[in-house]
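Novice: Below are the chains, spelled out letter by letter.
Protein chains: 4
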Amino acid sequence: MASLDGEIRAGRHVMEVRVYYEDTDFSGVVYHANYLRFMERGRTNYLRLIGADHRALFSQAEQEVPGFAFVVRTMTINFLKPAHMDDVLAVMTVPEEVKGASIKLCQHVRRGEELLVEARVRVAFVSAGRARPIPKPLRVAMAADHQAAEAGGLQARSTTPGD
Amino acid sequence: MASLDGEIRAGRHVMEVRVYYEDTDFSGVVYHANYLRFMERGRTNYLRLIGADHRALFSQAEQEVPGFAFVVRTMTINFLKPAHMDDVLAVMTVPEEVKGASIKLCQHVRRGEELLVEARVRVAFVSAGRARPIPKPLRVAMAADHQAAEAGGLQARSTTPGD
Amino acid sequence: MASLDGEIRAGRHVMEVRVYYEDTDFSGVVYHANYLRFMERGRTNYLRLIGADHRALFSQAEQEVPGFAFVVRTMTINFLKPAHMDDVLAVMTVPEEVKGASIKLCQHVRRGEELLVEARVRVAFVSAGRARPIPKPLRVAMAADHQAAEAGGLQARSTTPGD
Amino acid sequence: MASLDGEIRAGRHVMEVRVYYEDTDFSGVVYHANYLRFMERGRTNYLRLIGADHRALFSQAEQEVPGFAFVVRTMTINFLKPAHMDDVLAVMTVPEEVKGASIKLCQHVRRGEELLVEARVRVAFVSAGRARPIPKPLRVAMAADHQAAEAGGLQARSTTPGD
Numbered sequence: 111m112a113s114l115d116g117e118i119r120a121g122r123h124v125m126e127v128r129v130y131y132e133d134t135d136f137s138g139v140v141y142h143a144n145y146l147r148f149m150e151r152g153r154t155n156y157l158r159l160i161g162a163d164h165r166a167l168f169s170q171a172e173q174e175v176p177g178f179a180f181v182v183r184t185m186t187i188n189f190l191k192p193a194h195m196d197d198v199l200a201v202m203t204v205p206e207e208v209k210g211a212s213i214k215l216c217q218h219v220r221r222g223e224e225l226l227v228e229a230r231v232r233v234a235f236v237s238a239g240r241a242r243p244i245p246k247p248l249r250v251a252m253a254a255d256h257q258a259a260e261a262g263g264l265q266a267r268s269t270t271p272g273d
Numbered sequence: 111m112a113s114l115d116g117e118i119r120a121g122r123h124v125m126e127v128r129v130y131y132e133d134t135d136f137s138g139v140v141y142h143a144n145y146l147r148f149m150e151r152g153r154t155n156y157l158r159l160i161g162a163d164h165r166a167l168f169s170q171a172e173q174e175v176p177g178f179a180f181v182v183r184t185m186t187i188n189f190l191k192p193a194h195m196d197d198v199l200a201v202m203t204v205p206e207e208v209k210g211a212s213i214k215l216c217q218h219v220r221r222g223e224e225l226l227v228e229a230r231v232r233v234a235f236v237s238a239g240r241a242r243p244i245p246k247p248l249r250v251a252m253a254a255d256h257q258a259a260e261a262g263g264l265q266a267r268s269t270t271p272g273d
Numbered sequence: 111m112a113s114l115d116g117e118i119r120a121g122r123h124v125m126e127v128r129v130y131y132e133d134t135d136f137s138g139v140v141y142h143a144n145y146l147r148f149m150e151r152g153r154t155n156y157l158r159l160i161g162a163d164h165r166a167l168f169s170q171a172e173q174e175v176p177g178f179a180f181v182v183r184t185m186t187i188n189f190l191k192p193a194h195m196d197d198v199l200a201v202m203t204v205p206e207e208v209k210g211a212s213i214k215l216c217q218h219v220r221r222g223e224e225l226l227v228e229a230r231v232r233v234a235f236v237s238a239g240r241a242r243p244i245p246k247p248l249r250v251a252m253a254a255d256h257q258a259a260e261a262g263g264l265q266a267r268s269t270t271p272g273d
Numbered sequence: 111m112a113s114l115d116g117e118i119r120a121g122r123h124v125m126e127v128r129v130y131y132e133d134t135d136f137s138g139v140v141y142h143a144n145y146l147r148f149m150e151r152g153r154t155n156y157l158r159l160i161g162a163d164h165r166a167l168f169s170q171a172e173q174e175v176p177g178f179a180f181v182v183r184t185m186t187i188n189f190l191k192p193a194h195m196d197d198v199l200a201v202m203t204v205p206e207e208v209k210g211a212s213i214k215l216c217q218h219v220r221r222g223e224e225l226l227v228e229a230r231v232r233v234a235f236v237s238a239g240r241a242r243p244i245p246k247p248l249r250v251a252m253a254a255d256h257q258a259a260e261a262g263g264l265q266a267r268s269t270t271p272g273d
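From first to last, the protein sequence lines are chains U, Z, Y and V.
Residue 173 in the numbering used here sits at position 63 of the first sequence, with consecutive numbering throughout.
Residue 148 in the numbering used here sits at position 38 of the second sequence, with consecutive numbering throughout.
Residue 151 in the numbering used here sits at position 41 of the third sequence, with consecutive numbering throughout.
Residue 207 in the numbering used here sits at position 97 of the fourth sequence, with consecutive numbering throughout.
Worth flagging that the hints you see were computed from the coordinates, not collected in a lab.
Heads up, the beta-carbon is just placed ideally off N, CA and C, and yes, glycines get one too.
Mixed in with the good hints, there may be bad ones.
Derived contacts from chain U toward chain Z, CB cut-off under 8 Å, selection only [said to hold, decoys possible]: (1) Y131; (2) T134; (3) D135; (4) F136; (5) Y141; (6) A143; (7) E223.
Straight-line alpha carbon distances no greater than 25 Å define the calculated PhoX-like cross-link-like pairs of lysine-lysine that follow [stated by the list, open to error]: (8) Z:K214 x Y:K209; (9) Z:K191 x Y:K209; (10) Z:K191 x Y:K191; (11) V:K214 x U:K209; (12) U:K209 x V:K209; (13) Y:K191 x Z:K209; (14) V:K191 x U:K191; (15) U:K214 x U:K246; (16) U:K214 x V:K191.
A few chain V residues that don't get close to chain Z, going by computed Cβ distances all over 10 Å [as the list claims (entries may be wrong)]: (17) S113; (18) V124; (19) S169; (20) T186; (21) L190; (22) V198; (23) A211; (24) R220; (25) L225.
Turn these sequences into a full structure, and let the hints steer you where they fit.
Specialist: Following this line, the structure appears as structure tokens:
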């Protein structure tokens with residue numbers, strides 16, 4: 111199960127994604143919009159794992175703002191190199207800036223040591239269709255991951271997912 | 111607008127679909143599951159146009175069973191020939207059997223005269239998450255289209271793709 | 111890696127699939143065409159694992175018919191129950207009939223004990239865009255899985271979804 | 111056909127897109143990555159229409175660099191308001207900067223007067239898998255559209271979504 115949803119290591123969430131037919135297009139490589147699907151899986155699982163690690167805090171957040179979710183407000187994406195059918199990719203997600211009403215995440219898609227796609231994603235916190243302040247437990251957990259990732263070295267530096 | 115949603119002619123709904131990058135895979139042709147997206151667009155627009163033609167009847171149906179929709183129960187699909195990037199395809203939808211709680215539709219995807227994909231789709235009528243009897247106005251409209259298509263003859267006739 | 115691609119047990123390939131936002135639609139459940147994506151991942155990984163288990167045989171097949179792949183010719187699908195966001199599904203793939211030029215696979219999508227989707231899929235063997243006889247090593251491996259699955263008995267048995 | 115692929119008016123390509131089930135997710139609105147599919151349809155059709163308008167020039171470009179295509183290098187996207195099932199959206203594409211080896215496009219997705227999504231997209235010109243100088247006829251046509259759009263004034267002006 112852990113491997114299905116990836117894991118948080120040194121403040122960074124990393125998960126593996128296999129490239130299937132559905133992800134490619136006739137030019138032979140992964141269709142650009144599909145990296146956004148991969149990165150959304152990463153964000154969703156990151157949130158899932160934070161929630162599993164801090165269940166008490168999250169049930170509190172769930173009470174404050176039921177049915178909460180992150181919603182993407184802005185993305186800046188660099189498509190550096192293409193991925194191909196059958197590739198195993200690592201999607202990394204790490205908080206870069208944690209504020210009261212939005213969070214900026216850094217996300218990388220790598221194949222081994224190669225960085226293929228890099229994105230900055232600003233997400234807002236939404237409950238029942240409305241933007242909300244981010245519950246404190248969640249801010250604290252993400253700020254801690256941000257600290258851990260910073261301490262772990264240059265943020266841009268290639269992680270070695272070497273799983 | 112008519113062209114965006116297709117049109118009903120002689121009991122058959124026909125709409126055009128352009129093949130884009132997103133629809134293909136690295137083998138060079140349209141990814142098989144994407145024909146189901148094309149056919150669902152056809153069913154949705156067919157229902158939309160019936161509703162537009164019979165607005166009084168539909169507002170009645172809407173009152174009887176608010177938020178109704180068709181849900182696919184079974185499909186049998188024959189993939190006969192591949193479609194390619196930039197192709198303009200015609201998606202045809204015609205009722206083949208209209209019963210009290212479900213409808214069987216015949217759907218074709220063609221490129222010019224060539225039949226590429228043929229499907230039989232049994233849909234149920236659902237409102238608020240539960241299967242329901244199909245409102246009479248809708249049954250009547252679809253049965254009339256079935257009659258018209260039968261009368262129209264040859265082109266509607268199912269090819270036999272020799273499975 | 112095994113868990114990423116699933117595994118073959120008693121003649122059946124089984125892999126887990128997590129349901130993400132991208133898989134659902136506004137009706138609240140998994141969009142019907144997306145089960146075909148899940149099942150294609152199952153078929154692709156089944157073929158991958160057979161290839162890994164019989165590497166010598168496959169490099170021979172690869173020589174006989176370079177760049178081979180399965181292509182779906184016909185599918186019959188029963189959509190029995192809906193899947194939801196965050197569900198973990200099991201996709202099972204098992205050969206049901208192995209012939210010289212095509213293979214019929216039985217595929218199930220389950221959530222725990224519940225059968226959600228059931229399909230029969232006839233695939234042809236294609237190399238360089240043309241249908242080909244299926245190389246013997248592949249036929250032998252699949253026929254063996256078919257035997258093993260039959261022997262395994264009950265769980266493989268097709269439910270009768272009462273169409 | 112014009113309506114299927116949209117049209118170029120005053121230097122701007124505009125096409126209509128209908129929102130279907132496949133485009134939405136269980137949160138009730140269009141899944142964020144699917145706007146990239148809509149915008150890619152816009153870019154593809156814009157290129158198609160330029161090619162149709164300047165057939166002689168394009169057959170020359172096709173000779174210089176066979177099989178050419180645009181490939182997305184970077185995107186900055188603002189998701190301002192959500193779109194819903196059945197919405198008819200207008201996708202606008204206009205060249206913002208035309209250089210020797212890349213082009214920056216501005217793309218808007220609107221519903222009536224409302225701006226829902228705004229993007230800046232830098233595309234490179236690729237032939238046979240390699241980046242290439244953009245053929246002069248294409249640069250000239252796009253620079254002319256850029257001029258026309260600038261002259262057209264207000265509607266082209268970028269909103270400032272206050273990131």
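Novice: Each hint needs a verdict: does it hold in this structure or not?
Specialist: Verification of the hints:
Given hint, Y131 (chain U) at the interface with chain Z, holds; its Cβ is 5 Å from that chain's nearest Cβ, closer than 8 Å. A hinted interface residue such as T134 (chain U) counts as satisfied when its beta carbon comes closer than 8 Å to some beta carbon of chain Z; here the least separation is about 4 Å, so the hint holds. The beta carbon of D135 (chain U) is positioned within 8 Å of a beta carbon in chain Z (closest approach about 5 Å), and the interface hint is therefore held. The interface hint given for F136 (chain U) holds, since its Cβ lies 4 Å from the closest Cβ of chain Z, which is under the 8 Å cut-off.
Among the interface hints, the one on Y141 (chain U) holds; its C-beta lies about 6 Å from the nearest C-beta in chain Z, closer than the 8 Å criterion. Checking A143 (chain U) against chain Z: minimum C-beta separation of about 7 Å stays under 8 Å; hint holds. A cut of 8 Å between beta carbons decides the hint on E223 (chain U): the least distance to chain Z is about 23 Å, and the hint is violated. A distance of roughly 31 Å separates the Cα atoms of K214 (chain Z) and K209 (chain Y); the hinted pair therefore is violated under the 25 Å criterion.
Distance restraint check for K191 (chain Z) and K209 (chain Y): the Cα-Cα separation of roughly 21 Å lies within the 25 Å cut-off, and the hinted pair is therefore satisfied. Taking the CA atoms of K191 (chain Z) and K191 (chain Y), the gap is near 31 Å; set against the 25 Å cutoff, the hint is violated. For a cut-off of 25 Å, the pair hint linking K214 (chain V) to K209 (chain U) is broken: about 31 Å separates their Cα positions. With a C-alpha separation of about 38 Å, the suggested pair K209 (chain U) and K209 (chain V) falls outside the 25 Å cut-off, and the hint is violated.
A distance of roughly 21 Å separates the Cα atoms of K191 (chain Y) and K209 (chain Z); the hinted pair therefore holds under the 25 Å criterion. Our distance criterion of 25 Å between C-alpha atoms is broken by K191 (chain V) and K191 (chain U), whose separation comes to about 31 Å. Proposed proximity of K214 (chain U) and K246 (chain U) is supported: the alpha carbons are some 16 Å apart, at most 25 Å. In summary, the hint linking K214 (chain U) to K191 (chain V) is supported, as the alpha carbons are separated by about 19 Å, within the 25 Å threshold.
With 10 Å as the threshold on Cβ separation, the claim that S113 (chain V) sits away from chain Z is violated: the shortest Cβ distance comes to roughly 5 Å. With a least CB separation of 13 Å from chain Z, V124 (chain V) remains clear of the 10 Å interface cut-off, as annotated. Every beta carbon of chain Z lies more than 10 Å from that of S169 (chain V), the smallest distance being close to 16 Å; the non-interface claim holds. Consistency note on T186 (chain V): stated as away from chain Z, and its beta-carbon is indeed over 10 Å from all of that chain's, at 21 Å minimum.
Every CB of chain Z lies more than 10 Å from the CB of L190 (chain V), the least distance being 23 Å, so the non-interface label holds. With a least CB separation of 7 Å from chain Z, V198 (chain V) falls inside the 10 Å interface cut-off, contrary to its annotation. Every CB of chain Z lies more than 10 Å from the CB of A211 (chain V), the least distance being 21 Å, so the non-interface label holds. At roughly 15 Å from the closest C-beta of chain Z, the C-beta of R220 (chain V) stays outside 10 Å, upholding its exclusion from the interface.
Every CB of chain Z lies more than 10 Å from the CB of L225 (chain V), the least distance being 21 Å, so the non-interface label holds.
Hint violations for this structure: numbers 7, 8, 10, 11, 12, 14, 17, 22, all remaining hints satisfied.
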